[in-house]
Amino acid sequence: MSEHIVSPKIYLGIFAALMILTATTVYAATVDLNEHFPGLNVIVALVIATCKAILVILFFMHAYYSSKRTKLIIFSGFFWLAIMLALTLSDYGSRTWDLH
Amino acid sequence: MQAQLPFYPDQASNFAPSVDALMTFLILVSLFFAVAITAAIVFFFFKYRRKSENEVGYPIHGDMRLESLWIIVPAFLSLAMFGWGAVVYVDFRHAPQDTLDIYVIGKQWMWKIQQPNGRREINELHVPIGRDVKLVMASEDVIHDFYVPAFRVKMDVVPGHYNTMWFRPTKAGTYRFFCSQYCGTNHAVMGGWVTVMDPSDYAAWLSGSSGTDSPLVAGEKLFTERACVTCHIGNGSGRAPSLNGVYGGTVRLADGSTVTADDAYIRESILVPSAKIVAGYQPLMPAFQGQLTEDQILSLTAYIKSLQSQPIPATGAGVLTTGKK
Amino acid sequence: MHRTGDLYGQFETLEQQKESATLGMWTFLITEILFFGGLFLTYTINRHTYADVFSFSSRTIKLSWGAINTVVLIGSSLTMAMSVWSAQVGKKKLVTIFLILTLILGTVFLGIKGIEYHDKYVEHHIPGASFDMYFCTNNPGACNLTTEELAQERTELKELEDKVGGPVAVNAHSQLFFSLYFGMTGLHALHMIIGAGLLLWLIVESMRGRFSPRWNTPVENVGLYWHFVDIVWIYLFPLLYLIDRH
Amino acid sequence: MSTSPTTPAVHQLPEEHYLNSTYGLRSWLLTTDHKRIALLYLASVTFFFFIGGIFATMIRIHLLTPNGYLVTPETYNKLFTMHGVAMIFFFLIPSIPAVLGNFLVPLMIGAKDLAFPKINLLSWYIYLVGGCFVLYSFATGGLDTGWTFYTPLSSVYSNSAVTPAVIGIFINGFSSILTGLNFVVTIHTMRAPGMTWFRLPLFVWAQYATSIIFILGTPVIAITLLLVGLERMFHLGFFNPALGGDPILFQHLFWFYSHPAVYIMILPAMGVISEIIPTFTRKPIFGYTFIAASSIAIAVIGFFVWAHHMFLTGESTYAALAFSLLSYLVAIPSAVKVFNWTSTLYRGSISYDTPLLYSLGFIGLFLIGGLTGLFLACLGLDIHIHDTYFVVAHFHYIMVGGAVMGYVGGLHFWWPKITGKLYPEFLARMAAVILFVGFNLTFFPQFILGYLGMPRRYHNYPPEFQVLNVMSTAGASILALGYLLPMLYLTWSMRYGKVAGPNPWPATGLEWRTPSPPPTENFDVTPVVDWEAYDFKNRPDLGLTQPSGPALSPAHGDD
Ligand code: HEA
Ligand code: HEA
Ligand code: CUA
Ligand SMILES: [Cu+2]
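Chains as they are written, first to last, in the working numbering: chain A, 1 to 100; chain B, 101 to 425; chain C, 426 to 671; chain D, 672 to 1230.
Bound-form chain A, shown alone (with noise of 0.2 Å):
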């Protein structure tokens, strides 16, 4: 079986990379950025959650070395708590929209 091994650099690259986005999430929650934008705080952090998920998920857990079907399966996950969450959340959104 062809076996993608991914070699230590890699790892500790990634390590190094998650250390420095963690400071940066930390770092970013100390500065008030919803008066730029209001809840810029929030889609700060989440974004920089989703991009440390994103590398343990493709490096750590060899995603990005894995086969189409272990891709789509991946995404299917996430692709589910997307529709629970958007459509439930566009029941909450929507209730004080006028009808005119």
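Check before you lean on any hint, since a few could be wrong.
Said to hold, decoys possible - The list that follows gives simulated cross-link-like pairs (lysine-lysine, DSBU-like), each with its CA atoms no further than 30 Å apart:
id : chain 1 : residue 1 : chain 2 : residue 2
1  : D       : Lys1208   : B       : Lys147
2  : D       : Lys789    : C       : Lys517
3  : B       : Lys234    : B       : Lys207
4  : C       : Lys583    : B       : Lys321
5  : B       : Lys376    : B       : Lys207
6  : A       : Lys68     : D       : Lys789
7  : C       : Lys516    : A       : Lys71
In case anyone wonders, no lab produced these hints; they're calculated from the structure. Quantities reported herein were computed from a predicted structural model and do not represent experimental measurements.
Fit chains B, C and D with the ligands to the given chain A structure using the hints.
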């Protein structure tokens, strides 16, 4: 709409004919498919029955034209059902202006109803023919549901939320109403009678009422007792927006969005003011959550609603349009 | 089904077996995504409704512990990844060492979590009958807070009361936050504990020299699981600790 | 009418097969053989069907008179709740997947077992543990929340044994998840040489689609019910408005699983029908790819429609519009299946064997159930019929008339494979007809009751509804008889039935290419597949000749 089948209950509101017509349409579409498919099955079943033990059927693998046909035709029929259903539903969810507002509170296992002049009823509801009636509904415990089959209307009554529904009675008589959301032991007996009366009879009935304060009067009292007046000054000179003409209008919020000031908005503004801050004002208002009963909130809302008719000096920066038409 | 060497009877080849195991693990992990997803949805809706209380409650958790734990957990992911690598290249000793390191870091994480839970216990922030957001401000000295911190908390509480409608509401809604906090971190910790159990098993097997370049599926699959648990934390950290630190 | 062979071949049971290869209780309780696990499931789901059926019988007896004389209101509420819980979570959801799916998926794709046999056994044990919790809750105070567990009724106000019940369903969820996981992996990696995706039997496609829902939906109900349990035990407020929570959020989470779950119940039955119809018409199924693709489409789109159960909770009007439109979208693939099955009958060589009778019954009843689903998805109409007996009739038509019919039909179809014995054909046909008649008499009046305005979950009702209720109860007694019969003669046939031989119908699937009952390892040699699914024409091994009828014009020929 005359389309009445024997199993259609009395039609006593503006929604009854539209819902029944919709029903008739769906029955026809369904009959078409049910009959066509059943007939085909029965016909093939006898026509192609196995004649000799070792016989095989004729190998047909499919047909693109047929497949597209039976995707497209149901798709179009679906759209028709959806569209028609949507029209009725949107009408139902969107009450007209100038309704007769009746307050309904559900609790395990009874309905408390209060007429606009304060007359209270339990498990009974009196309404005049021809008036647009809006029920403003709250629950004190679990989810209930107010259902009048003869009107073809129902709506859940959800604790912590404000649901409203409206209808226009069209036929005098008494009709059953039910609680149609399962709410515990006596769910099945949590019902009563709706009496539809001529407007004059209704007026007479109302005036024979007991002496309790109408929600409006009670609300006005509360507005003073709870010191709402100290901030909400009628001419808008206070720290808070004037509430004159707010109800039913469009309010601009601090974050730039707009909302319609309906019952739910007023309720929220009182309970959790910080949820939606009116543009141009500070979030000063104390929250009243846990300090007002559902009854009191209904009364306050009724009072705020009545402020429509007063002169509108609204300098309230948030007020875009008023509910007054 | 009997087993020949590393090959279970229902499979034809080792390759097929490995493919199945990996696929199975990933499939399991996406069920986990949706499992936590239900909690995330509950969190999102409530945080939106009670933004102020949530940000206040979030500030009563110690940021430093959360940040340290993030580093610890990501570190353990690194050592886990390294042990997979060691198995793949056949360094049997290293496999064991890295597995032990991972276990240690995991335990440190859980230990810190324990300290945090204990703090919350002392502060009466555990949802239930004795929950009281005002405990620390009403009982100076009972909590591990400086006078300035207490004063700060007092003013913040005062502001909050005006916004949301008094102490009853503050308590109710912050209890919601802490219910979610304990629900989410508790479930995460439970996953960590299961992961630690799996690591123990791997360490024993690996000391027996079971994992080779030819066959190391268990290491790899436990690795996938461990990284997944890491990812959950990567989201929990900003959502619970970093709501409003400015 | 009978099509039994003129010169019946004399068959003998194989010397050693999965049933007799090992003996003793241990060999069953610790088995990892998917076929034996399927039988363990068969016994346990039948048990729960019994329990649910007894509750149903009591419901119907109670409703004979407007004021109900059998039980107190409280007990009545417990009856329908426990009926729903037992039937849905412990009977219908596991029924076809865990019994027939478990038995057949490896056989159909030519594998020796599922990919993870031990996990398969584990799922059964998890199911048992979950079942015990639920039985415990039934026995100690019962459960009166409705199977939907709406908050805050379930989390605060109910005095019944909600906590053990939600824990039981929570645990049971993992059984579903593991079964789904096992199927997905098995279907991906364990197919025999030559068994390409588009040669898979449609039953396998249906199981695959079902597994998607198992995997992606079940975790959400698990966490939701866990939260309800926690809320109850520790007085938390996730869904309790008095503590700031939101009851509507519970409904979103609940239906995010429970709507797709209805497709868990119907898709496998559709798979069964797609096997039976080609076999008893002896021709390839009409529109193979469309049927396969529609299974996947139903599984996926089925996740987008859940809030059609919430049109009248005060959900946003816009959301209601979207969810209604999407509900219609999911009806299209179901329609595709119905049309394709019907077309398969055209120019077939149709025999009147029991499984086909069940299948045709399935189509008719599913059709009515599905079409009335369109009434409910219609926003304007749902205002009136939501939470009335119209809904009750809708879902019984689909779940009892559809899914259970499919399950019983499938049991008959594969009974010779499972036990090696034939069931008594005449009795079986009778039972099918009794079921069909009894079923319609029970549930058709409920549509009318619903439109007349009788709300569901009512232990008493206005007197004007009595006639229809009596009809329904009468039908239910016929229905009970219809279920009793198969239980009796199937059990009888295990011992006294005629020996079936490897392929009694004959059918084309791989499962019929191994002895009945199959050996523990399923196949003596790994099969190699070089034919298309349901290809009777090119299968000399089946011993069938060409039709003697006139040849068709080329326009209709094999494409
Ligand atoms: C196996 C179970 C199952 C299945 C498969 C379905 C299938 C469908 N269901 Fe049903 N449903 C339930 C079980 C099921 N349901 C249950 C248990 C409840 C009640 C839960 C509770 O509250 O306790 C319920 C409730 C329910 C509601 C909520 C009612 C209410 O409470 O107010 C709605 C509303 O949209 C709905 C719609 C549908 C639709 C559109 C389909 C569609 O998938 C049907 C598709 C099939 C067809 C349409 C037939 C074939 C089509 C043709 C022959 C062609 C013609 C077609 C067109 C013109 C489009 N169902
Ligand atoms: C798979 C699911 C399933 C199945 C198979 C059934 C089967 C049946 N159901 Fe049920 N039903 C539900 C799922 C199901 N139901 C659900 C989800 C609800 C909603 C619950 C809620 O509101 O929360 C419901 C609710 C429900 C109601 C509405 C209660 C109410 O709202 O007040 C009624 C009323 O008639 C009913 C009747 C029946 C009947 C007569 C059968 C019959 O088909 C059963 C026939 C079977 C047997 C009788 C057992 C087998 C027979 C024998 C072993 C023979 C010997 C026995 C005797 C002689 C008694 N069901
Ligand atoms: Cu109130 Cu049902
Ligand atoms: Cu549904």
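Fill in: 30 Å Cα cutoff - pair B:Lys376, B:Lys207
With Cα atoms ~29 Å apart, B:Lys376 and B:Lys207 stay inside 30 Å; holds.
Worksheet item: Quick one, are A:Lys68 and D:Lys789 close enough, alpha carbons at most 30 Å?
Response: The given pair, whose Cα atoms are some 28 Å apart, holds under the 30 Å limit.
Discussion item. Hint check: C:Lys583 vs B:Lys321, CA-CA at most 30 Å. Holds or violated?
Written reply: Answer holds: C:Lys583 to B:Lys321 is near 28 Å, not above 30 Å.
Practice prompt. Could you grab the alpha-carbon distance between D:Lys1208 and B:Lys147 and see if it respects the 30 Å cut-off?
Written response: Given that 30 Å is the threshold and the Cα spacing comes to 21 Å, the pair holds.
Discussion item. For D:Lys789 and C:Lys517, compute the direct alpha-carbon distance and say whether it is at most 30 Å.
Written reply: holds (28 Å)
Fill in: Straight-line alpha-carbon gap B:Lys234 to B:Lys207, limit 30 Å
Roughly 19 Å separates the two Cα atoms, so the pair holds.
Worksheet item: CA of C:Lys516 to CA of A:Lys71, is that 30 Å or under?
Response: holds (29 Å)
Consistency with the previously given hints is maintained throughout, with no hint failing.
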